[in-house]
Each structure stands twice: as C-alpha cells, then as structure tokens.
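Use the sequences and the hints to build the structure in full.
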Amino acid sequence: MKIRIHDTDFDGNPVDCTGEFFTGATALDIVNGMKMNPFNSHLEPVAFMRQTLDFIGQKTYALPDAPEDAARLFLQRLTALGFARYEIDDGELDADHPAECGEPVEKK
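The sequence shown runs 132 to 239 under the working numbering.
Any given hint might turn out to be false.
[To be verified] Pair ranges (Cβ atoms, derived): (1) Gln182 to Thr149: 18 to 24 Å; (2) Asn171 to Lys133: 29 to 35 Å; (3) Asp147 to Ala178: 24 to 30 Å; (4) Pro195 to Met132: 18 to 24 Å.
Hints listed in this document are in silico derivations from the structure and should not be mistaken for laboratory results. In this text, all values refer to a predicted model and were calculated from it rather than measured experimentally. Ideal Cβ placement from N, Cα and C applies to all residues, glycine included.
Here you go:
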C-alpha cells in the first residue's frame with residue numbers, strides 16, 4: 132500500500148501534487164512511518180493520529196483505541212478530506228481482467 136500525504140498551505144489546506152510518499156503492508160505500518168520525525172517519534176500511534184486530526188480541525192473525529200483499526204480509519208479520513216491520496220504502482224491494478232462479482236480476489 133502506498134499513500135501520499137500532502138503538504139499544507141499557510142491556511143492549513145492540503146496542496147495537491149505535493150507531499151511525501153509512505154508505503155507499508157498495513158495502514159499501521161504507514162502511520163508508524165509518518166510519525167518518524169524528532170517531534171512525533173515518541174508518541175504512540177493512536178496518540179499521533181489523534182494529534183494529527185486535531186491539527187487539521189478534526190478533534191472530534193473518534194478513533195478506536197486499537198492501533199490497527201484506528202490507522203485504517205485515520206488514513207480514510209485523511210483521504211476523504213483531501214490531505215492524502217492512495218497511489219497505485221504499475222502492475223498493482225489489473226484493469227484488463229476485473230474480478231467477477233463474488234469471485235475471490237487473488238492477493239499477490
């Protein structure tokens with residue numbers, strides 16, 4: 132999974148086509164990568180996510196206490212608000228052979 136977290140302007144709004152890319156096998160891996168800087172590395176993942184949401188005006192958005200569940204909702208919230216965008220690598224999506232309804236999707 133790969134996601135781009137956008138930079139913000141002076142008013143705190145996300146700026147398209149900017150920001151850092153983060154990759155990980157899970158949403159929690161991505162969150163742990165995001166918090167690896169001197170100002171956030173000491174925080175537990177859920178505390179980091181709640182602090183980040185507070186900074187973007189989402190203090191009342193509730194996250195579960197379980198880090199894995201919170202990370203999925205956190206990244207969904209960032210993308211829904213335009214602060215992040217999932218990126219698809221070449222070969223990651225097979226648009227020429229879509230799965231049929233009810234057909235299990237093979238994981239790579």
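Check each numbered hint from earlier against the structure, then list the numbers of those it violates in ascending order.
-> 2
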